[in-house]
Structure formats: C-alpha cells, structure tokens
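Quick note, the sequences are listed as chains A and B, same order. Counted from 1, the first sequence has number 154 at position 154 by my numbering; the numbering is strictly sequential. Heads up, my numbering is the position in the second sequence plus 405, with the first residue counted as 1.
Worth flagging that the hints you see were computed from the coordinates, not collected in a lab. We put the beta carbon where it would ideally sit given N, CA and C, even for glycine. Treat each hint with caution, since some may be false.
As the list claims (entries may be wrong) - Derived list of chain A stretches under chain B, where covered just means 3 residues or more per stretch with a C-beta under 8 Å from a C-beta of chain B:
1) 308-315
2) 387-395
To be verified - One-sided excerpt, in silico: chain B residues whose CB lies under 7 Å from chain A:
3) L504
4) P507
5) C511
6) H669
7) L680
8) V681
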Amino acid sequence: MKSSTTINDDGVRYGVEQERDWNALGDEAFRAIVRADFEQHYPAHLRYLPHRLRWAELRDWYLRMAGKGWIAPAWPREFGGMGLSPAKLLIYLEEQERWGIARYQDHGVLMIGPLLMRYGTPEQRRRFLPGILSCEHIWCQGYSEPGSGSDLASLRTRAELVDGPNGREFVVTGQKTWTTLAQDATHIFLLVRTDPQAKKQEGISFLLADRHAPGIRVRPIRDIAGHEEFCEVFLDDVRVPADNLVGEINRGWTIAKSLLGFERVSLGSPKFCEYGLQMLLRIARLTGRQDDPAFRDKFAALQLDVVHLADAYAGFAARLVRGEPLGPDVSLLKIWSTETFQRIAALGVETAGAAGGLVGDVQLGDEAINILGSWYKSRPATIYGGSNEIQRNIIAREVLRLPAR
Amino acid sequence: MNDKQDLDETLALVAQAVADFAKPDAARARAARDAADGCDAAAWEGMAEQGWLAVLLPESLGGTALGMRAAALIAERLGYAGHSEPFVATAVMAATALLRCPAGPCRDTLLEGLVRGRCVALAWQPPLGALSPAATAVTAREERSGLALSGVARFVVPAQAGQYLVAARMDGRMLLCAVDADASGLSMVKERTADGGLSLRLDFDRVVVERSAILAQGDAAESAVQSAIESGVLCTAAELLGAITRMLEVTQTYLCERQQFGQHIGAFQVLQHRLVDMWMQKELTRAAVGAAVTAFDAAADAPGPLPDACVAAASSAKARASEAALFVTGQAVQLHGAIGTTDEYELGVYVNRSLTLAAALGNAAFHRSRFGALVAVEER
C-alpha cells in the first residue's frame, strides 16, 4: 500500500512518495526491510572503510537512496523524509552501521534541513530542501577559522549588508578552515560576523551560500594520513542574497548551537570502536599475538570499554525513544567513544610491531591490512565536533555545576 | 496499567523507602566499624523489618519477589550511604543459594531465619580465593553418623553468621550443606577487612554434618552456589556504584567550597577535568550495572545453571565498578588534599569500603580476564 506525501504549509510536495507508513510496521519487520535492502544493494567494496569517501565514489549509492525516498530518514514526511519515529530511526542507523555503509557529505540532511524546518522561511525551504533530498546539493560547513577553533564565537569573517544590483545582499570576506570535503560541495553554510560592535556571541549571523559563487576559493589541506578530507575556504567579497540569511540577523550563534547537540550523540556511537576491535583482533591473529596473555588482558579491557560505551549509548537512545530531550551529559559518549577508539588504534600499532610503521595496506601473513588507518582516523576524532577538552568544560559547568573562573 | 508499570511503581516506592532509611552518615558508619563485630545491629534489624532481606524470595516464602532490580537498587543505596551491613552476603547470596535448593525442613528453616535477620554465610572459597564453586577446598566423606567435612574455606562473610552454607566436594560431586557456627571440629580465624568488617577463615577438621543438613547435591548444588555467587558479584558492583556516587558528590562539594589563591579550587580547569573523568567512570559503571541487572532479570525464572550471558554481564559490571571505584577513590583523596587522608573526614569511610568491595568476589583484573574468555569478538 502506498501512502502519499503529506502536503505542508509551504504548499509543496517535497521528495518522493514513501512506499508505506514505516512507523506502522513492527520494529523487527522494519529492520528486516532495511537490512535486506542494504545487503542486496550496497556495493561490497565500499563497506567498512577507514577513511571518508569522495562524492564521486558514493554518488551512485546515495542517488539511489534519494530516488527511493530514504535519504532523510529523520525528516518528517511532509518535508520529504521517511518520518521515522525515534525508535525506527535508531534501527535504521543501526542497520547502516552494521553493514558498514560509508557516510557521504550529509550536512544538508543532518543540519540544513532540520535548521530550515525550525528557523527558515517557506521560501527558503522551497529553494533548498528539494536539492538536499535529490542529492543535487551537497552542503559543507563554514564554521572554524584559522584564529577561531574551540573559541568559535571569536570568528572574524565579516558580512556587510549592502544594496547591490540584484537587491539587498551580504558582502562576505574572510577565511574558513577544517571544512570537510568542501571540494565536493555545491553549497556552504557560514557563520559570519554582522555586528563587530556587539559582544562576541551576539554579532554573528547564519548564511547560506553557493559554494561556486564568485570570490570563493577552496584549497584542500593534506593531512598526516596523506588524505585531503579538510579544506580551507577563502571568501573574498562574496555576494550572498539577503534572503539567504537564516533566522534573524545577529542571532546565528543560538541557531548554530542548537545543531551541535545532535553531533554529540552521533559521534558517540559505538560503531567505530567495535570496528576498531575487529581490526585489532585481526592484527593480533596475523602477528600470532592473539593468545599472548599480555595482549589478551589489554584487549579485554578495551572490549569492556566498548561494551560500556554501548550500554551508555543504549541508555541515551532509550531516552530519545521515550521522547525525552538529551542534556549536556550526552557529551560522555563523544569523549568516551573517541578516546577509547584512540586506545584501540594505538594497541593495534603496538601489536603490529615492526609493521606498525608501514603505511597503507600492509601484508601480514596471507592478508593485507591497513594498520595505521585507524590510528590516523582516531586523532582528529577527539578534536572535531567540539574538542574533548571543550566537552569536559561543558560537563564541569552544566552537569557538575563547578564554579566559573 | 500493566505488570511492568506495577513493578516500576513498586520499585520507586522501595527506592524512596531505602533512601529515607539509609542516608550518608560518617559518624554512624565509623561507630559500626568500631563495634566488636564491625556491624550496625540496629540498622540490620531495621532492614529486616522493612522486608528488604526477603526481596529476592517468592511470596510463598514470605518474600516480595521484586527481583534483581530491587536488590541492586537497595545495594546501591546502602553503598551510597556507607552502610556495610551484610545485605549482599545474606539477602542476595545466601538467599539465592537457598532459593535454588530443593524445599525441605533445613532449607525452609534457614530461609525463615534469614528473612528475620539471622545471618547466613556462603562458604566456598579456597585460601587464595576463587569464584567457581568447583574450586572449593572442603571435602566431604561418608561416615556412619553422616558426612565429615575437612578442609578450608576463606573469605566467609558475614562473620556474625550463625550458619554457613558450605560447598564441599565428595567423590567428584558437589554438595551444599548447612553447618552451625558452633559445630564441633570447626575452628575459625577472623580477618579484618579494610572497611573494619570481619571475614572468616574456617578450618574444618572432620566436622560431622547430619544428612538432613544436605541442601543440594551434584549439578543442583553447583548451579545454586554459582547463581548465588554471580548475584553477589553483580550486587557488589551496585554497592560500589553507590560508593562512587557519594565520593563524587563529596568531592564536588569540596571543590565548590574550598578556596585557595582567592578563588574556589573548583574553578581551576585541571581539577574540573579530573572531576569529569571521575563522573564518566560513574556513568559507565551505572550503564554496566544496569545492563547486567536487565540480563539477570531476563534469566530469573530459567532453571539450571546461570546462562553465560549473565556470568559475562556480572563480570562486565564488577570489572568496571571495581576499577572505577579505585580510580575515583584515588582521585577523590588527591583532589581533597591532606584532609582526604584523615579518618575523621567522611571520604575515608568510602575509601575503605571501596578497597574492601573492589577486592571481594573477583577484582577488576579477574573479571576483565573472565569476560574476555567468555565473550569473543567476531572478526568480520
């Protein structure tokens, strides 16, 4: 039975029709449908990869997801999403993780869509949601700057509202950095300073821009693993229509902060650590160390670190399913998952012995294995999404109520 | 209204009652510690009156059958309040062992007494300690008048128990029998635990036990003792969780009150982050204990040996709780400075309780290793 997309206040049908009302299915029936689809259609050579993939590699899969109406599982039906309840959404994400499906540059679905549903105008939704749902638009994030990392609110990229030939527009000048996969993006969302006189959090606005607008230049940054996942983005008198301002002017900080909560849950998923344990076990087997008591002891300790992460994650997930908001204590997941992953990756390198210094796919016995891949991946994890030191500050202040200096 | 809601509401009432009964009180805890038997007799009587000692027993045996969630909840609150009465040793371990033995006059009398506050202690550990019932260093031999027990059982708690449930081996089979504390041929050495309590080392020199005192034999005896031990492991983890929670609270308060260099020391980021690390260990312990309680309650009605999933879950909880408790203990003392090392400050009660419980029923290293052996990570 097909059920048609609900019409919304914007007067537009977004996305494609959903095959059925997913929430009306039992949990296990829904899981079986999702699992069968992934197992049947997801390309085997793209499973469980230790690094981010470029859009060209993932394009076919995600265009298929878009065509199927599965690109935005969490979005409401009226905006073209699958409209999944929290319980069904968790199942969807679990199955995605279980099958090792690579993440694309999904800021559009994860951030811009929910943002526009909450703060955007109908006109903005009509302009931007369809592109996100069809994957024609790929969004990247313009937050950090060379001088503004953890202290993001000190950002200096300027945007001045002027009368231009095409009406009111912002003129944006400055520099963004650590922008993930900006090379592949068609659009960028920006935090910019619109009132240099105001207190630092109060003069910031949230803008949507065309990544290929004149004046925007992208330079990939080569990282210590030799990959180019991050970019610098230079903005030189870039013209952005005034209609691309999200929410009120000078209120961008509040808007941006409301999006960060989600990252802390998704960054706390046990999947990276579970994957890391499997890699570690493989290294131990291939180097003949899997039964070494010293290795077994360290491995069991890490195994428990991951089990308890999963136990804690299940607790937060249960709160989401009950419809409860998550508090600042959710930072626990981000800290523990990323630091555990680092310990796992470090033990992998140690266990590999002399081969621990070889980069790329390394021959161990009959198999080739990327030993340093996890190690490299584990380093930025404690830095992005709010560094672990910032997360500890949040817990100290908001959970433990310790005094400020 | 359904059964689950009913249980949730009943548990909330129990939680409230235990919280009203057991409040952190270092003076009370020290007085109990300094009493001759290291026990607060009034508190123990109070627990019996409240019916908490019967929390795992079915209604037919005078219990409330609230299951592991209730037992863990009570244990946690006692740990939080610095109560060291033998709730886990008696109401969880001895009660579970007896419950899993076939009904009979000896078992039923012991259970009736236990519910009213008569302490019973499980005895199975060899001199260097072990969790498996099969490790017992007590052997039984058939004699004309009954069975004669010989050997040693150590780490027997509580010391004030009037009866011991002794796991013994006879011709390669396990048996569990009741032995009175004043039985002829039984001698004991009292050992002091860090928290001021007492643990017994029992020496059996042909202690004669009547056949009517045999509670269970063979596989039934083994699974009764095993269930008792593992339930004790889990509830000890819950007690440690309570102690960790209180140590964290005390330290948090101290950081907010203590001033040096003209400001509250809790404003220093180095100290803040260390308190966060303590808090994270508490949260992980809570998650691990919660998962284990769920596993135990899911298997509660299954006969026979405890499923491996429960044994693994008990190890998971106890490994985390023991390690977290010793970590939080060390950090709490350090963040307090010199006052943290004194007996007159509240923290000391929890430091010593943590040392005792972290080592009891398998420490972190033991449980890590057992967990690793039980739960394999599959290569993909």
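Verification of the hints:
Check on the region 308-315 of chain A: 6 of its residues sit with their Cβ under 8 Å from a Cβ of chain B, so the three-residue criterion for coverage holds. Here the region 387-395 of chain A counts 4 residues with a CB under 8 Å from a CB of chain B, which clears the bar of 3, and the coverage holds. Look at B:L504: its Cβ only gets to about 28 Å from chain A, farther than 7 Å, so that hint breaks. The interface hint given for B:P507 is violated, since its Cβ lies 36 Å from the closest Cβ of chain A, which is over the 7 Å cut-off.
Interface hint status for B:C511: violated, as the beta-carbon distance to the closest one in chain A is roughly 40 Å, over 7 Å. Annotation: B:H669 was flagged as interfacial toward chain A, and the flag holds, the nearest CB pair being 5 Å apart, inside 7 Å. The restraint placing B:L680 at the interface with chain A holds, with a minimum CB-CB distance near 6 Å, inside the 7 Å limit. At a threshold of 7 Å, the smallest CB-CB gap from B:V681 to chain A is about 4 Å, leaving the interface hint in force.
Checked against the numbered hints given earlier, this structure breaks hints 3, 4, 5; the rest are met.
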